[in-house]
Amino acid sequence: MMLIPCPWCGPRNETEFHYGGQAGVAYPRDPQALSDAEWAQFLFFRDNPKGVFAERWMHRSGCRRWFDLRRDTATNEILGAGAHEEQERTVSV
Amino acid sequence: MAPRTPGADLPDHPDRLWRSADPKSSYDVVIVGGGGHGLATAYYLAVNHGITNIAVLERGWLAGGNMARNTTIIRSNYLWDESAGLYEHALKLWEGLEEELDYPLLFSQRGVLNLAHSLQEVRDGVRRVGANRLNGVDAEWLDTDQVAEACPILNTSPDLRYPVLGATWQPRAGIAKHDHVAWGFARALDQLGVDLVEGCEVTGFETAGDRVIGVETSRGPIRAGRVALAAAGHTSVLADTLGLRLPLQSHPLQALVSELLEPVHPTVVMSNAVHVYVSQAHKGELVLGAGIDAYNSYGQRGSFHTIERELAAAVELFPMFARAHVLRTWAGVVDVTPDASAVMGPTPFEGLYVNCGWGTGGFKATPGVGWCFAHTIANDEPHPLNAPFGLERFTTGALIDEHGAAGVAH
Amino acid sequence: MTADLYGASPLAVRADALAASSSPSTVRIAEVPFRAQVTLRVDPRGAAAERIGAALGAALPGPGGVARTERVAVLGLGPDEWLLVGPEGAAQGLQDTLTAALDRAFGAVVDVSAHRTIVQVSGPKAREVLNKGCALDLHPRVFASDRCAQTDVARTSAILMRHDVVEPGFWVFVRASFARYLADWLIDAAAEYGG
Amino acid sequence: MSGPFRLADGGRIDRERPVSFRFDGRDLQGFAGDTLASALLAQGVHQVATGIRYGRPRGVLAAGPEEPNALVQIEKPFPEPMLTATTVELREGLEAVGLPGQGRLSPDPDPARYDAVHEHCDVLVVGAGPAGLSAALAAARSGARVVLADADTEFGGGLLGSGEMLDHAPALEWVERARAELARRSEVRLLPRTTVTGHYDANYLIAVEDRGPDAFTRQRTWHIRAHEVVLATGAHERPLVFADNDRPGTMLAGAARTYLHRYAVLPGRRAVVFTTDDGAYAAALDLCGAGVEIAAVVDARPEAPPFWAKRCAEQGIPVRTGHAVVGTTGEEHVTGARVAALDPDTGALGPEEHHACDLLLVSGGWNPAVHLYSQARGPLAYDEAAGAFLPSGSVPGVHPAGAAAGLRTTAQCLSSGAVAGVQAASRLGLEATAAPRPETDPHPVPKGRPLWRVPDPDAGDPGRTQFVDLARDATVADVEKAVGAGLSSVEHIKRFTTIGTGHDQGRTSGTVSSGIIAGLLGADLAEVGTTTFRAPYSPVSFAALAGRERGELYDPIRVTAMHDWHVEQGAPFENVGQWKRPWYYPRPGESMEAAVLRECRAVRTGVGMQDVSTLGKIDVQGPDAAEFLDLVYTNMMSTLKLGRIRYGLMCHADGMVFDDGTVMRTGEHRYLISTTSGGAAGVLEHLEDWLQTEWTHLRVHLTSVTEQWATIALAGPRSREVLERACTGIDLDNADFPFMSWRNGTIAGRRARVCRISFSGELAFEINVPWWHGRQVWDALYAAGEPFGITPYGTETMHVLRAEKGFPIVGQDTDGTVTPQDLGMGWAVSKKKADFIGARSFSRPDNTRTDRKQLVGLIPAAGEGVLPEGTQIVETRVLPRPPVPMLGHVTSSYRSAALGTPFALALVKGGRDRIGQTVYGHVGDRLVPVEITDPVFYDKEGARRDG
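Which chain is which? The protein sequence lines are R, L, U and V, in order. Counting from 1, one number per residue, gives the positions in the first sequence under this note's numbering. Counting from 1, one number per residue, gives the positions in the second sequence under this note's numbering. Counting from 1, one number per residue, gives the positions in the third sequence under this note's numbering. Counting from 1, one number per residue, gives the positions in the fourth sequence under this note's numbering.
By construction, these hints were calculated from the structure, which means they are not laboratory data. Ideal Cβ placement from N, Cα and C applies to all residues, glycine included. Keep in mind that a hint or two might mislead.
FRET-style restraints, in silico, Cβ to Cβ [said to hold, decoys possible]:
hint	chain 1	residue 1	chain 2	residue 2	range
1	V	L899	L	E140	25 to 33 Å
2	U	P140	L	E140	56 to 64 Å
3	U	E50	V	E568	51 to 59 Å
4	V	D736	U	A191	52 to 60 Å
5	V	P77	R	E77	42 to 50 Å
6	L	D145	V	A183	17 to 25 Å
7	R	A37	L	A387	17 to 25 Å
8	V	R877	L	E140	45 to 53 Å
9	V	E176	L	P14	54 to 62 Å
Construct all of the structure, not just a fragment, from the sequences and the given hints.
As structure tokens, then:
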């Protein structure tokens, strides 16, 4: 049972969260300008590293905020918050 | 010595299995991944296509990945034509495999029930049975009473939180003994002169332009006329070294086993809605699988709450399992695609072929994969059965969406 | 009369069962119906948040914190989200106060009084009962009197607020459609303490 | 007296409380405090079970959960399979039988209750032996919140069975003082009878407490989240591998000592002790002191430990160094040991001598119980000196201590436990100091030298009776065969021989088999390694892990404010996600089909009412709400005027329909959107995802208000008349209150938001009131409708009515592979918007195929019945050989009162171009002709919606 650090609610059991896969995949600025292959990359292709992975989680049973996390997919070790600056503002519950 | 406990023991293995080979400097075909798929592919390359200068490279011990960790369910009752074609081909091969490999695979066609717990699952089940029958796959729709007859220990009371409203039934489906399957192929390959190289991790590829000409391994470089990837959950990691992106995510998939029990469970029961599937294996142990854990992981372990939820479902469906005991839990790493169907075919790299994304369906497909992947490698083009499973489908949108069949699907 | 004004609360039908499962020496479980509940969304760093704090008489707490005034408890549910809990009948007044203080700044005020009901769980065994289905550490060292949390209780989501008035206890806010399930679960969890 | 082998006094048993039990059909007696094994041994019963493969008699090898042999089936009080006699507490009325390795489940329902609880602590100490107690004391004295769990019925661990002294008094007095001190501390929780079975990520541990058959809860699963964990889990003694090493009467030396000290039982009268480890000498001396004749201590090592050799000499116990037990005699009980000199280098055996005995004690050294450490991803390494795999490296927050860390003496264990407790507390920032260590018996640190296998003196069939894994009846011959077959990985050999897969998961056989394999391969044991340790540490019943999530508590039942009314009417319910929705409302004796036809007729000709509270509702507000809705719906929402309502479709980015509902504009920057009943949570998550992570510039807030509102659909040509009687404050004329608009009014004195929405095609209203008022307003509407014959209807009638109108249900007429265009709902896809979720996917090659499956209507040929939903559609009148090309399938199918015929909706390849064609439904083995039609069957002009 991983302990996921929600930036707002503090560390909670993984069961409270919804997993969102790879972080930082932006919606294309102009999807219509993309080729079918490029659009397929956005729709279906995500990194799948063994090791450190920047990924998205949403605190479904808590504050319902999405946030990014870096986790080692080989060990489940959580290495800290990812992209959002605000995430440093953790609280303890 | 006194008689053995009935059923509690397995038939003996042959005296000779395989020699663990040292790698040569080059092969016609190098197969990366010594699991069921890699072994079956090598086997059909040899027997169907006459190619025997093959190395199967396994980073750990042979067939020690998902092949050693799955719950051994074999069935072909998939919804879409493409899937039914491939899995049914596999099932037909299963039906002759024991004889072909001359190995006791304990292939037991005891039938599989896929339970429906909601009106929508009933519709989906009837739809799938119809599609199966028209595709030549044996399938029946059973109402609740017929389900109770097929599996008397199942709780078919209407008072269940999610009562059993019916089930699909594939009589030819069943289970086999996973290690025996892998070892049967390995022994045959050993006799065919194929090199099975254990403890040999592939770390990268040797390329010449867009052509893959060999692999880098923990035991030195190996040249290859053709390279075939069959590394399941680790395929992404390997493809990454070539900059080849695959639509895969690797997740833990857990299973557990009970102590040995006198036979009570005559068939295989699967339930998508409550996420559990159960059979009683040859020695008498109950073998249970759960849903896939949601997050990416290569850790070969999952989360305990998945197990707890699975057991809650199991005890609801099978009240008599209350005092059975969990003896051992474990997890495999399954590679899942966006449409829950596999990827098998050539790649943008000449001489490189990929077989991955089997998710929870890998074991049951084993001989079918071997047959088709060997064809793909030998002819440099897909077999008609795996042609729909190429990477192009993600661009065109011609997906083979088996989420319904694969939801928990095993 | 409350019932006349508000109709039927989600757990009116379980009132007797909850009372029967309560025991003064162990755990007491009862619905606290019809409280005014209003969701507030606003940027905590903006002037509007300050205006709201001034209007309420209590600064908006951070996530997991609870601020209390004489009439209202303000629960910090997230970085820009609060639940205001007031006495029966106060929902419209609260909304007016918040909307006025918001003064067309970007934010949201939504009446959710009927969306959830509240179950009070109190007494010496309250923590033990809740921890049968709640994975949070409810020890007073950790979950003090000014704390709240959104989390799972058994198989439903809930908001927990420490509510130590007469005796140590908790308010559990649960969505109305799940209220009977939660009540049944609590009755079951408390059964060993012999109500 | 409870048996000829029970000593007159001593032990931890309660002689005041005799206990009657039945084993293998014999009525026997023991005492409270006995295990089944100790009670049987007291009676001289050694054979408890039989081996699984060869049926050989098997006795009691151990005194704890590591027992590989003594498997029993409990018959009473309630059947439970495959327990070890060494861990079954003796209770009045217990009935058990020995098992041949396979248990039996009861067909009767288990009456016991099982539950779960979450616990948090600063320091979890696993194991309450000398190390665990010391650790718990040190941590507790620092003020830390401590949980101390131990599988045994009482604390003390190894001290319970050793007869040792601490501070010059029986060690158990120290144990009791420690326990009492811990029990006094409010922040300490003591959990005896609690086995920690799994160690998961971030120090999350699962423990199962056995509360006993008479407890309110039979077993409780503890989910413990600990900052720090001290693993003081002890060690298991290893047996030795020699011919016929499985005969009853063969016992681990430490176990015999436990039976003596803890249970006051002599496991035999005349013993041979075979050891490669100093530890067995204490057992020999203790038994000797209790009156057991020690025929010989056979030590395979060239020299005996001087400290112990001297004591043996004092007691007249012969010590045979450089010798080994090479075999045994006896059938149902060992009658003697075959002893021979063993050349340590060549393995050559000297001439045999025979020592008569009824007890053969064995000790091959000790395996630290590293299971939990390994589960916590702690690395293990083979330690040559210890002859065992020990914890190595470190895992943050995990502290192995005592015998689990490879330590041997009580003094070492006490010290290392205290250090671990102090370290754990210190990592939490607490000030901790270890209390002075109690003074221990002055014993030297025991040493051992592993002997993995004694050569088999029987040349004919070597290794066939040298059991490596007693639970699996796996022998040295089996291992040799596996290696001979070409296998070299310990994992392969384990699978070949099944070693380590028994109920004990190889506790006594794991390291021994690795040692034998290393020997056969000529490899280093450190490299051969062991197999992986997996949870659970001990078998756990399914029911314990299922806990209370059974029956009605298996999954939440969600109900609406009007639920009890539906129950009172006798409506059967349909599960829709977690919701219970009334399916139909049968009158007494009425069939479902008749009820649904009646309900449909009522709505088409009079008035009906339905509880539609389960639809999801989301409040959307903010200056950019309109822009946001334009992005998430396929249709244009920004042009919606205040007071008006629009139907909307949502797609995922792949262009496939995933939900639908209505959008109601309730304010300048405010909307209320509805979702499908099952889709509410998913839609909110989807919208929050895009809003929070993609379109962060949009000023929009979303609030779920699903349960804020109870919602009642009032449908049928007379619905307006009903509402006129019940509702004030709204002019209900079409002109003032047009279709797809909403107004505020008052019903039964309650403020209500009334919408003109129709899912049946009839004139219809949807009335929203706060949940609290739902039942009252429902009753008022029902009363107002009685003169019109108002008819409540359920989900089935709703489905029929909407299907007659060709309205699809997402999830029934779609399956995640269907686009809006496939549904014939291109009208709901904006051509004007620059972009919205899913837009780009509509132009992918596969989505522009003309032979995509499209939603059409089907009318079965005259005289045919209702097509089963799910029926496949084929083109030809006669079935060709498989695989048969399929055109599509029936998604919805009903009997229609209004149409006077069965009808269906279906997804059919190129369906819209096939309208008018006859195709065939594949029903059973029959082909049913059906005509493809437009999906709108009823009131194509939409004339009825205004009444």
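Right, here's what the structure says about each hint:
Checked against the hint of 25 to 33 Å, the C-beta distance between L899 of chain V and E140 of chain L comes to roughly 32 Å, which is consistent with it. Judged by the Cβ atoms, the range 56 to 64 Å given for P140 of chain U and E140 of chain L holds: they are separated by roughly 60 Å. At roughly 52 Å, the beta-carbon separation of E50 of chain U and E568 of chain V lies within the given 51 to 59 Å, and the hint holds. At about 56 Å, the CB distance of D736 of chain V to A191 of chain U agrees with the hint of 52 to 60 Å.
Restraint check, P77 of chain V to E77 of chain R: a C-beta distance of roughly 46 Å satisfies the suggested window 42 to 50 Å. A C-beta distance of roughly 56 Å is found between D145 of chain L and A183 of chain V, which places it outside the suggested range of 17 to 25 Å. Distance hint check for A37 of chain R and A387 of chain L: the Cβ-Cβ separation is about 19 Å, which falls inside the suggested range of 17 to 25 Å. For R877 of chain V and E140 of chain L, the hinted distance range of 45 to 53 Å is not satisfied, since their beta carbons lie about 24 Å from each other.
Checked against the hint of 54 to 62 Å, the pair E176 of chain V and P14 of chain L passes, with Cβ atoms roughly 59 Å apart.
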